[in-house]
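Grab the two chains, each in its own frame, and use the hints to assemble them into the complex.
Residue strings, one per chain:
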Amino acid sequence: MNIFVLMKRTFDTEEKIAISGGKINEDGAEFIINPYDEYAIEEAIQVRDANGGEVTVISVGNEEAEKQLRTALAMGADKAVLINTEDDVENGDQFTTAKILAEYLKDKNADLILGGNVAIDGGSGQVGPRVAELLNIPYVTTITKLEIDGTKATVTRDVEGDSEVIETSLPLLVTAQQGLNEPRYPSLPGIMKAKKKPLDELELDDLDLEEEDVEAKTKTIEIYLPPKKEAGKVLSGDLADQVKELVQLLHTEAKVV
Amino acid sequence: MSKKVLVLGEVRDGSLRNVSFEAVAAAKTVAEGGEVVGVLLGEAVQSLGAELIQSGADRVVVVENEKLKQYTSDGYSQALLAVIDQEKPESLVFGHTALGKDLSPRIAAKLSSGLISDATAVEVAGGNVVFTRPIYSGKAFEKKIVTDGLIFATVRPNNIAPLEKDESRSGEVSSLSVEIKDLRAIVKEVVRKASEGVDLSEAKVVISGGRGVKSAEGFAPLKELAAVLGGAIGASRGACDAEYCDYSLQIGQTGKVVTPDLYIACGISGAIQHLAGMSNSKVIVAINKDPEANIFKVADYGIVGDLFEVVPLLTEEFKKLKVHS
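Protein chains in written order, with this note's numbering: chain A, 1 to 257; chain B, 1 to 325.
Derived from the structure by calculation, the hints contain no laboratory data.
Here are the simulated lysine-lysine pairs, DSS-like style, with alpha carbons at most 27 Å apart:
no., chain 1, residue 1, chain 2, residue 2
1, A, Lys244, B, Lys289
2, B, Lys188, A, Lys152
3, A, Lys106, B, Lys110
4, B, Lys214, A, Lys244
5, B, Lys165, A, Lys255
6, A, Lys233, B, Lys322
7, A, Lys228, B, Lys256
8, A, Lys233, A, Lys16
9, B, Lys67, B, Lys181
10, A, Lys229, B, Lys297
11, B, Lys204, A, Lys228
12, B, Lys67, B, Lys88
13, B, Lys282, B, Lys256
14, A, Lys16, B, Lys256
15, A, Lys23, B, Lys143
16, A, Lys145, B, Lys193
17, A, Lys244, B, Lys204
18, B, Lys256, A, Lys229
19, A, Lys244, A, Lys233
20, B, Lys143, A, Lys219
21, A, Lys23, B, Lys297
Excised from the complex, chain B in its bound form (with noise of 0.2 Å):
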């Protein structure tokens, strides 16, 4: 049966985010068939609209008020809600990022309905939308369908593929003006740490440290095999407690959770822990000086050895592979 879905477009820095064309591909195959109109919520964000259309949505509401332009769970969610009243959509589809999290409960709370959250797959089977999240840390997972009122999921990044950018689809992008009062909590500041090079959780390449980084300096090789990949740098636990590096690297049960299409762990020995956040990577290498180390039983590839030889080597045969190709 084909529905209405909305999609909230997420804006970062000016552009619109990766998982936000996902949830757009997401939304297409919960729409079968039907609308999927796209939303946009900021200061100024008419612009992005264009784009959001390219990659598969059939037009887009834009609400811009200059109290949207930083992320506030109470702008955010009466703009939003005023879109939705607007539309009434019969799905709702979003990023399972930090904004789509905070936001996504109480839009559900509010329109009484339920949250499929974190959703690494959705199909149509047996006249059902069927959504696969992960579950106890990604040991294991389910499938979900909601059995009353609105679909409502989030998309985590990096695991539903986006369309293919169509420079030739066009659409309607319209303004909705949306008064933005009572804003009970206010963002007084904003403290930017993990922002410098790549978004972790978007990452498409991880090089992670773990004690046997062995010091704050000790992740200079790593950096540099990130920066020839284009690759974020994360971190064990181990890493975080040692004070090798700030948390927010940290990638585990208390931690990120990601899935990138590599991984590479230097010096970790694949606590279960640390495995929670990585496992479900699509390719995974490990470098540790341990042969007996648990990282090796969840990697694709393995090299025995010093991290601090391996990684330097790796560094330099990626640089004469990126330019060969």
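Only chain A is shown next, with the shape it has when bound in the complex (with noise of 0.2 Å):
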């Protein structure tokens, strides 16, 4: 099977978040694989090690991005690829990212193609379904469970806390949930492995992409932390009191209840 991951490089958010000229600070920040991409890499090892073929795990960002690639060919994906924006795309949305993706997999035959349901910088969870849509393959968000028989895949997706079970068939796009396997962590001999596998780096040239072509739709205009809560009040005495304060500031101050 010819199986692709698309992965994103995203600042850690259980890092501080400060804003310097209007963009956040990135300065000394640790950087991660998007959390829901891990579950779709290690998805691809398995579906892999069961039904046979390669996995690719893709990223489109700039050179940065090779270390979390490692990462994922240190998991045990075979393959890797950077598609390297940063001296022709300044400011790229969800539209251009799709569109550089689309047209790399156009020619590649794929047969599953995994992702993460969203990126937990950006959190617009929009480029598997509209990579879907441009090579014109059926897509499941938010998967919990993929199996795969031949060319049929059952899967089950989250929707919203209840669970969905969707008969399909490859070639396939879907997105990984939490809950939908538990991702392993790179061994020794596998990040020796890793440093000898191909990691190749291609630019929009190589995709026969101008700039134009990948312009975004969309701007941020601003980016700003949210207002600093005042510190709250902890309530003291007796307990059975704080309780009844509690419910009289909820009623009569906060106006919740």
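Next up, the structure:
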């Protein structure tokens, strides 16, 4: 099976967020594989191990993403592709990324494409379904289980806590939800092997794309931090009195009940 | 500049979801005096058209088809694209729900348009329609505009106030017949887990439990409180990992993001992971034995104490309040 994983390098949102010059300050911040994409990588490896084939992990970004691609290779992916847009795309959006990925994938005869259901930084969750539409293949989002039998696929997806069992067929794109699997940590031999696995780097030119073909349709005009919350009121006194006071405060001061 | 805006009305268990009324309100802002057209897709949804109009839509287009009874991205996109083709709107607004998240990127790709997902506010400023949306799990916000083509956005439930319903409002509810074919992914079964009680993402009140609930049974007092307040039950990752409850209840960076009017965190330490899912709630109450717990830093009100003592007392107090009011 020819399996592809769409991976994003993301700012670890457990980091403290600061803004400088109208942008999120990334100096010294920890970058990680988007956690939902880790589920996608793990699932891709498991599907390959059960069905044979090859897992290629693709990322659109700059050369810094090589580190996360190597991690994916160390987990067990076979190949990695970095589509480096640093020189060509100044302000891309989801339209941009999806168009680039689809252009790369269109002649690859992918049987299965996996991605995370959302990236924890931008949080739009658009790229997976957009790529599927551009490739004209079916997709299932927020999946928690994937079973493949020949060209048939049975997929369980999370729908706001309920589950839907969906029958579909390959080629297919799915986006991973938490609960799909338990992503493995790269092993030491895995890390050693990853150094020798192929990591190709492409640019827009290699995909016959011009900058204007992928020009963003949206623009961020301002980034700001939410207003700092004032310290809350921790009640004191007899527990029963505190509870009475709390209910009064919620009723008369906060007016939420 | 006035625009024609299409709003997708989302039907669940035979009723319109609240987020659809919120989407209509957002569409009104985007329209700047232009026409707001509601769209209803389903098997028998015509009768809901009037309610969409009462909540602010000018008219409604309905596509009824047995193949639309259950949401599928193939079925819904065919129906919606037919409506878009007929109406030629300049803007689209959906709810940022499971359905909206699944469908909107596909429509955007098909129309080669931008899409601003998960907006929590919309305004017109400096000649632009400006959407506000949380990024970095709610630790920052961005204001975003569309620079080319369709103004397409999804709105996060519970953030944009719906318009007051006006029962005297009337408008045309028209039907469009669409042939739905080639469904490539078919829903074989729906397993309801979360729908006992109130829907977490739209709930006005959320009572959430963490490791401090100690067991699955430990959620019982929280459920009683939720019942009194008409709220939904949520959980921290810790509680889910410890198998006290299903992952469908998890609130956090992985898990659901909720913004209720009232969030009561019971026995939750307040890991950054969890805060990402609830810190934008309007009022946060923390109940925890540990006075140093991080959750008190984001809470508006806190009680240091054992949740198994505090929560039942709270339930009793709220019951009294409900009787009096």
